[in-house]
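Trainee: These protein sequence lines map, in sequence, to chains A and B. Oh and the first sequence: position 193 is 193 in my numbering, straight run, nothing missing. Oh and the second sequence: position 81 is 81 in my numbering, straight run, nothing missing.
I should point out that these hints are in silico values taken from the structure, not numbers from a laboratory. There's no promise every hint is true.
[Stated by the list, open to error] Stretch by stretch, here's where chain A covers chain B in the computed footprint (C-beta under 8 angstroms, at least three residues):
{"hint": "1", "stretch": "59–69"}
{"hint": "2", "stretch": "83–93"}
{"hint": "3", "stretch": "125–132"}
{"hint": "4", "stretch": "144–153"}
{"hint": "5", "stretch": "251–260"}
[As the list claims (entries may be wrong)] Distance ranges between label pairs, derived from CB positions:
{"hint": "6", "chain 1": "A", "residue 1": "M18", "chain 2": "B", "residue 2": "Y185", "range": "33 to 39 angstroms"}
{"hint": "7", "chain 1": "A", "residue 1": "G84", "chain 2": "B", "residue 2": "W125", "range": "25 to 31 angstroms"}
{"hint": "8", "chain 1": "B", "residue 1": "D69", "chain 2": "A", "residue 2": "R275", "range": "21 to 27 angstroms"}
{"hint": "9", "chain 1": "A", "residue 1": "P69", "chain 2": "B", "residue 2": "Y185", "range": "49 to 55 angstroms"}
{"hint": "10", "chain 1": "B", "residue 1": "V59", "chain 2": "A", "residue 2": "A94", "range": "41 to 47 angstroms"}
{"hint": "11", "chain 1": "B", "residue 1": "D57", "chain 2": "A", "residue 2": "L291", "range": "56 to 62 angstroms"}
{"hint": "12", "chain 1": "A", "residue 1": "Q62", "chain 2": "B", "residue 2": "L61", "range": "54 to 60 angstroms"}
{"hint": "13", "chain 1": "B", "residue 1": "L155", "chain 2": "A", "residue 2": "A21", "range": "28 to 34 angstroms"}
{"hint": "14", "chain 1": "A", "residue 1": "W24", "chain 2": "B", "residue 2": "D69", "range": "32 to 38 angstroms"}
{"hint": "15", "chain 1": "A", "residue 1": "T243", "chain 2": "B", "residue 2": "A119", "range": "26 to 32 angstroms"}
{"hint": "16", "chain 1": "A", "residue 1": "L108", "chain 2": "B", "residue 2": "L155", "range": "43 to 49 angstroms"}
Here the structure is a predicted model, which means the values were calculated and not measured. We treat Cβ as the ideally placed atom computed from N, Cα and C, and that holds for glycine.
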Amino acid sequence: MPGLLRNLARLGLHRLGMIVAVLWGAGTIAFCAVKLVPGDPVAVLAGGENVIDAAERIALVQRFGLDQPLWAQYLRYLANALTGDFGESYQFRAPVLTVILQAAVPTLQLAGTAMALALTLALVSALATAGRRRGLRTILSGIELALLSTPVYWIGIVLLTLFSFRLHWFPVTGNNGIRALVLPAVALSLPLAALLTQLLRDGLEAALAQPFALTVRTRGVGETALRVRHCLRHAALAVSTLTGTLLAGLFSGSVLTETVFGRAGIGQTALQAIRTRDMPLVLGLVMLSALLFVVINLIVDCIYLVIDPRLRKSAA
Amino acid sequence: MTSLEGIARTSEASAHSAAARRRHPWRAPGLLLPLAFVLMLVVAVPEPQWFTSRMPDAVDLDAIFAPPDASHWFGGDQLGRDVFTRVVYGASLSLTIGLGATAMACIGGIILGISAALAPPVIRWPLVRCIDILLAFPEILLALLVIVVLGRGPLNTLWAVGFGSMAGYARLIRSQVLQVRLSGYVEHAVVLGEPAWTIVTRHILPNTTRPLMVLATIGVGTSILTGSSLSFVGLGVVPPSPEWGALLADGRNFLDIAPWISLLPATVVAISVISVTLLGRRLQVLLAQGDVP
């Protein structure tokens with residue numbers, strides 16, 4: 001175990017450099033993008049072109065530091081971001097971090113439920129169909145392909161039309177309670193489940209073809225036990241290559257599902273920030289999404305060291 | 001899921017059944033049906049009047065919220081416009097965004113990818129990091145950032161979608177170039193003293209195009225998807241343009257009384273993307289078999 005810990009530490013340090021680089025790059029790209037935006041930020045701040053007088057205008061400019069040269073604004077922005085201070089949202093007149101954290105709660109509920117649902121679906125269907133050629137597998141593969149290419153909003157609209165408007169099983173919109181979470185979570189989880197199933201099935205099939213599977217079989221271990229206890233670990237490794245894709249799917253899926261189902265959340269906040277040109281909020285969202293990406297990638301890499309002993313050796 | 005990789009990935013799963021179709025690789029229904037659909041779309045771009053005699057903005061007061069029937073195939077919307085006609089006329093906008101964005105992403109990806117593989121280290125290292133950082137963002141977030149800077153509109157949507165997917169192409173090209181430049185013929189060309197530019201354009205670039213063709217075919221589908229998603233959330237093409245995503249957004253408020261306004265255009269989007277993806281997959285299988293030169 002000390003070897004594992006040392007390797008984890010080394011991997012962590014290497015990754016820390018990468019995380020800092022990605023975050024700095026993300027912040028810089030977002031800052032440049034925001035400064036490239038045409039138009040007067042004070043107009044956005046005040047909510048209109050000419051509703052404030054000169055004194056109020058100067059006060060606003062000074063309050064948001066818009067009178068300083070660009071490089072000073074950039075340095076101040078970076079320094080503040082380091083301490084977790086992303087400034088004040090133009091629209092909400094509250095710290096960006098507070099706005100984002102508030103919006104993150106319903107999104108995390110949605111994304112978490114969807115991810116759990118997708119994993120369950122993927123595990124069941126991959127374990128049931130890996131290595132079996134005809135019938136169920138062919139049908140499931142077809143459905144997976146269809147789901148992967150189907151817009152999330154189509155699934156959402158179909159679910160809404162069927163279960164909310166026709167059958168009245170679930171509420172049409174809103175954030176209240178578990179019943180309002182069911183349809184959005186299902187809509188979001190189906191494409192993810194399709195991708196995960198394919199990854200897991202490929203991994204399982206590769207594992208089942210290896211000599212160790214034959215060894216386990218000759219010991220008289222049943223097919224289910226072989227798949228669950230021996231092959232699943234190998235299949236889980238295959239998922240690592242697409243963590244980023246899964247996250248991106250989760251994010252863009254959340255934006256769309258929240259729009260279809262009228263749920264509050266990060267997606268809605270991001271869209272509103274972009275529509276109203278609320279730059280501090282846009283910057284904060286970009287930075288946090290980059291942070292989330294690198295942190296989750298780091299966690300996944302650490303989990304793989306736990307899953308696969310061979311990686312511990314190669315990381316050393 | 002609007003991710004390119006997610007869809008590109010599925011193609012590997014189908015490779016095992018390739019042998020079964022080897023005898024008539026061009027005649028499988030999995031190729032012909034999507035091909036027919038895509039051809040229909042391609043015809044609908046320059047000649048929408050072949051499919052419908054109405055105009056996309058023509059208002060027919062009798063057709064307000066008319067359910068689908070023989071004269072209004074997809075029904076009528078809240079203003080009495082024929083939804084089918086709007087879908088047909090919207091094809092040009094959506095396909096232009098899909099094709100244009102993919103072309104832009106390919107060109108940008110080729111330039112970025114080749115530079116990130118072959119340029120001197122001073123340029124190479126920042127480029128590789130740049131690609132890494134861009135890959136750290138969901139495509140749709142990058143596209144939204146571009147929309148923030150440029151504003152809404154059809155052309156800006158095209159730029160946004162193209163920029164969002166560029167990093168994926170750049171990474172593919174870079175890894176291909178790194179492979180190809182180790183091969184014997186490149187070594188040969190270097191020994192023969194060919195100029196670097198010739199080596200890149202004559203030897204390296206042509207040999208990276210195979211995987212690029214597959215990714216780009218599937219990429220057209222995902223670009224249509226991302227473009228329509230942007231319009232759907234109200235940040236892409238602005239109504240009353242009959243872009244597919246904008247059509248759906250239009251009908252969302254009337255799901256209760258007239259679900260077809262959103263549902264049928266959304267189905268067309270889904271079928272288009274599935275068709276393009278199937279074509280891409282088949283192309284990949286055929287390329288792997290070596291049937292296509």
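Trainee: Holds or violated: the stretch 83–93 of chain B covered by chain A, criterion of 3 or more residues with Cβ-Cβ distance under 8 angstroms?
Mentor: n = 0 at 8 angstroms, threshold three: violated.
Trainee: Is the coverage entry for the stretch 144–153 of chain B by chain A consistent with the three-residue Cβ rule at 8 angstroms?
Mentor: n = 7 at 8 angstroms, threshold three: holds.
Trainee: Determine whether the Cβ-Cβ distance between G84 of chain A and W125 of chain B falls within the hinted range of 25 to 31 angstroms.
Mentor: 30 angstroms, holds
Trainee: Range first: 54 to 60 angstroms. Now tell me if the beta carbons of Q62 of chain A and L61 of chain B are that far apart.
Mentor: 56 angstroms, holds
Trainee: Given the range 21 to 27 angstroms, decide if the beta-carbon distance of D69 of chain B to R275 of chain A lies inside it.
Mentor: 38 angstroms, violated
Trainee: Given a hint of 49 to 55 angstroms, does the C-beta separation of P69 of chain A and Y185 of chain B actually sit inside it?
Mentor: Hint holds: Cβ distance 53 angstroms, inside 49 to 55 angstroms.
Trainee: Are there at least three residues in the stretch 251–260 of chain B whose beta carbon sits under 8 angstroms from a beta carbon of chain A?
Mentor: holds (count 4)
Trainee: Check the following: the C-beta atoms of T243 of chain A and A119 of chain B are separated by a distance inside 26 to 32 angstroms.
Mentor: With a Cβ separation near 29 angstroms, T243 of chain A and A119 of chain B satisfy 26 to 32 angstroms, so the hint holds.
Trainee: The stretch 59–69 of chain B covered by chain A? Criterion: 3 or more residues, Cβ-Cβ distance below 8 angstroms.
Mentor: Contact hint for the stretch 59–69 of chain B vs chain A: violated, 0 residues under 8 angstroms.
Trainee: Per the coverage rule (Cβ-Cβ under 8 angstroms, at least three residues), is the stretch 125–132 of chain B covered by chain A?
Mentor: holds (count 3)
Trainee: 33 to 39 angstroms was suggested as the range; check whether the CB atoms of M18 of chain A and Y185 of chain B agree with it.
Mentor: 35 angstroms, holds
Trainee: Are D57 of chain B and L291 of chain A spaced within 56 to 62 angstroms by their CB atoms?
Mentor: 46 angstroms, violated
Consistency with the previously given hints fails for numbers 1, 2, 8, 11, 14 and 16, ordered from lowest to highest.
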